[in-house]
Amino acid sequence: MMLSVNNLSFAYGHKVVLKDISFSIQKGDCLVILGHNGAGKSTLLKTLNHLLKANTGSVIMNNQNIKDMTPIKRAQKIAYVPQSLSFHEASVFDTVLLGRKPYMSHRVSDDDLIKTDQIIKALNLDEIAFDDITKLSGGQRQKVAIARALNQETELLLLDEPTANLDLKNQLELTQFMKHIAQNHDKTMIVTMHDLNLALRFGNKFLFLKDHQVYEFGTGDIITEKLIKAIYQVDVKMIEHDFKKHMITL
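Residue numbers are given in this note's numbering: position 120 of the sequence shown equals residue 120, and the series is strictly consecutive.
If you are wondering where the hints come from, they were derived from the structure by calculation, not from laboratory data.
Note that the structure is a prediction, hence the values are computed from the model and not measured.
Don't take every hint at face value.
[Stated by the list, open to error] Per label pair, the in silico range of CB-to-CB distance:
| # | residue 1 | residue 2 | range |
| --- | --- | --- | --- |
| 1 | N37 | L250 | 18 to 24 Å |
| 2 | K229 | I181 | 19 to 25 Å |
| 3 | V108 | N37 | 15 to 21 Å |
| 4 | I248 | S22 | 39 to 45 Å |
| 5 | K135 | N55 | 38 to 44 Å |
| 6 | M238 | Q64 | 37 to 43 Å |
| 7 | M69 | D235 | 42 to 48 Å |
| 8 | D221 | A90 | 42 to 48 Å |
Beta carbons: idealized from backbone N, C-alpha and C, even for Gly.
Use the sequences and the hints to build the structure in full.
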């Protein structure tokens, strides 16, 4: 078992945000966390990375509690891309290179430079590799942040709304690339999304939050018209095309 979350709860003061969250995923899984605005999706990602300390419960990764890991060891195991991005003036290359920081001692190695170059090319960022990141569009900065996370070479990637600032073409390219990374390089990904059809293209596991708790968790088989109505209070019709589910709002 790669990741096991057990009875996780979190509150801001007296305001409960997460209540008794439990689930487990395996290496190579792409888990999509879904739910309405304010359901606790972003907070859950932060507790999984120990950026927020859960009030109760545990997050076990490969038989080790993440709260017992040193910050450096945690950064070698888990990469996180937040929804709101902030960058200092630097080139795209240098920003992506920062993903190697958990492995650096006193200087940048040739291996760090080679891996950074490979990631930049894989995400089609080579044409802007030496541009100032603060001058880029929101979508371009999002891709750079994901490239930096991939450059950490962690087993687990946590991505909060990674396609939010991307156009349709880049959304599809990025989700396809991330799925390829997960399937071919034994990476595990946990992603929050709002677009249900995009989630269905990307994920093999799905977790729906409602009333601060896990409402449903499982494979794509759990996603039904009844479930979507219960979570979002909207009517949809589920159709299948090329053995894949798609959703149409009514």
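**Request:** List in ascending order the numbers of the hints, as given earlier, that are violated by the structure.
**Result:** Of the numbered hints given earlier, those the structure breaks are 2, 3 and 4, listed in rising order.
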